[in-house]
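Just need the whole structure built from these sequences, with the hints factored in.
As a plain string of letters, each chain reads:
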Amino acid sequence: DTGVSQDPRHKITKRGQNVTFRCDPISEHNRLYWYRQTLGQGPEFLTYFQNEAQLEKSRLLSDRFSAERPKGSFSTLEIQRTEQGDSAMYLCASSLVGGSYEQYFGPGTRLTVT
Amino acid sequence: GNSVTQMEGPVTLSEEAFLTINCTYTATGYPSLFWYVQYPGEGLQLLLKATKADDKGSNKGFEATYRKETTSFHLEKGSVQVSDSAVYFCALRGYGGSQGNLIFGKGTKLSVKP
Numbered sequence: 324d325t326g327v328s329q330d331p332r333h334k335i336t337k338r339g340q341n342v343t344f345r346c347d348p349i350s351e352h353n354r355l356y357w358y359r360q361t362l363g364q365g366p367e368f369l370t371y372f373q374n375e376a377q378l379e380k381s382r383l384l385s386d387r388f389s390a391e392r393p394k395g396s397f398s399t400l401e402i403q404r405t406e407q408g409d410s411a412m413y414l415c416a417s418s419l420v421g422g423s424y425e426q427y428f429g430p431g432t433r434l435t436v437t
Numbered sequence: 009g010n011s012v013t014q015m016e017g018p019v020t021l022s023e024e025a026f027l028t029i030n031c032t033y034t035a036t037g038y039p040s041l042f043w044y045v046q047y048p049g050e051g052l053q054l055l056l057k058a059t060k061a062d063d064k065g066s067n068k069g070f071e072a073t074y075r076k077e078t079t080s081f082h083l084e085k086g087s088v089q090v091s092d093s094a095v096y097f098c099a100l101r102g103y104g105g106s107q108g109n110l111i112f113g114k115g116t117k118l119s120v121k122p
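The listed protein sequences derive, respectively, from chains A and B. Its first residue numbered 324, the first sequence is counted upward by one per residue in my numbering. Its first residue numbered 9, the second sequence is counted upward by one per residue in my numbering.
What the hints contain is simulated information worked out from the structure, not anything from laboratory work. Some hints here could point you the wrong way.
Claimed, not checked - Pulled from the structure, derived: some chain B residues nowhere near chain A, Cβ distances all over 10 Å:
#1 V19
#2 E23
#3 E77
#4 S80
#5 S87
#6 S119
Said to hold, decoys possible - The calculated DMTMM-like cross-link candidates involving lysine to aspartate or glutamate, where the alpha carbons are at most 25 Å apart (straight line), are:
#7 B:K85 / A:E425
#8 B:K60 / A:E425
#9 A:K334 / A:D409
#10 B:K68 / A:E425
#11 B:K114 / A:E406
#12 B:K114 / A:E367
#13 A:K334 / B:E50
#14 B:K117 / A:E425
#15 A:K380 / A:E351
Unchecked claim - Quick look at which bits of chain A chain B covers, simulated, 3 or more residues with Cβ under 8 Å:
#16 362 to 373
#17 425 to 434
All C-beta atoms, glycine included, are put in the ideal place defined by N, C-alpha and C.
This is the structure:
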């Protein structure tokens, strides 16, 4: 079990550019979640997938944000036309369906928009 | 809607002191409750969980009891160590299989001095 991995760990971009993050979940986990965490706050839910289906999206997920999980394995989160307010830590988590749905988090991707 | 409120930090204790971090929640039905910990420079780690009323979650000397009558899930440890210095997040997951996301509190920063 290698845990949840995220790439890149850090991304600095200029306002208006597009960025894409990748998440690889724990291999047997069929649910994958994206969260955003800003300094001094708890993580806030963005969206989640069960296998390849995107089942829920938060109101935080504006139309500049899009997430995919095409084969039910890894997922990508793209932010188009980045704004300074997008600067945050983007966290990915995965879980199995059933039981307490324990979520295991990756190390996160820290995005800085200049 | 569902929400989590936890005591504001920072909390500073001396080594071997008793720790309590308060967490209360608002939710319909029977949510699952979690404590996550974030050590400096690391990702979120699941510390303990409880899935039904009166359950006690425990791990690494930490304990929390799911109290439905007071809608609380306070974190306790009898004797803290310097290595416990971290940010602690209380979280809930709504009842039912369609409830995907975790809802987090804002976090409580704990500093333990030798």
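Do the hints match the structure? See the list:
Residue placement check: V19 of chain B keeps its beta carbon more than 10 Å from all beta carbons of chain A (closest about 15 Å). At roughly 26 Å from the closest C-beta of chain A, the C-beta of E23 of chain B stays outside 10 Å, upholding its exclusion from the interface. With a least beta-carbon separation of about 21 Å from chain A, E77 of chain B lies farther than 10 Å from that chain, consistent with its non-interface assignment. Chain A leaves S80 of chain B outside its interface by the beta-carbon criterion, the shortest separation being 17 Å against a cut-off of 10 Å.
No beta-carbon of chain A is positioned within 10 Å of the beta-carbon of S87 of chain B; the least distance is around 27 Å. With a closest Cβ-Cβ approach of about 15 Å to chain A, S119 of chain B is found to remain outside the 10 Å limit, as its non-interface label requires. Between K85 of chain B and E425 of chain A the CA atoms are separated by roughly 22 Å; this keeps the pair inside 25 Å, and the hint holds. Among the hinted pairs, K60 of chain B with E425 of chain A is consistent with the structure: their alpha-carbon atoms are about 14 Å apart, no more than 25 Å.
Taking the CA atoms of K334 of chain A and D409 of chain A, the gap is about 12 Å. The hint holds against a cut of 25 Å. A C-alpha spacing of about 18 Å is found between K68 of chain B and E425 of chain A, which places the hinted pair at or below 25 Å, so the restraint holds. Restraint check for K114 of chain B and E406 of chain A: the C-alpha separation of about 24 Å stays at or below 25 Å, so the hint holds. Between K114 of chain B and E367 of chain A, the direct Cα distance comes to roughly 10 Å. Compliance with the 25 Å bound is thereby established for this hinted pair.
Of the pairs offered as hints, the one joining K334 of chain A and E50 of chain B holds, with about 17 Å between alpha carbons and a cut-off of 25 Å not exceeded. Proposed proximity of K117 of chain B and E425 of chain A is supported: the alpha carbons are some 23 Å apart, at most 25 Å. Among the hinted pairs, K380 of chain A with E351 of chain A is consistent with the structure: their alpha-carbon atoms are about 23 Å apart, no more than 25 Å. Coverage of a stretch by a chain is defined here by at least three residues with a beta carbon nearer than 8 Å to that chain's beta carbons; for the stretch 362 to 373 of chain A and chain B the count is 8, and the condition holds.
By the rule of at least three residues with a Cβ nearer than 8 Å to a Cβ of chain B, the coverage given for the stretch 425 to 434 of chain A holds, with 7 such residues.
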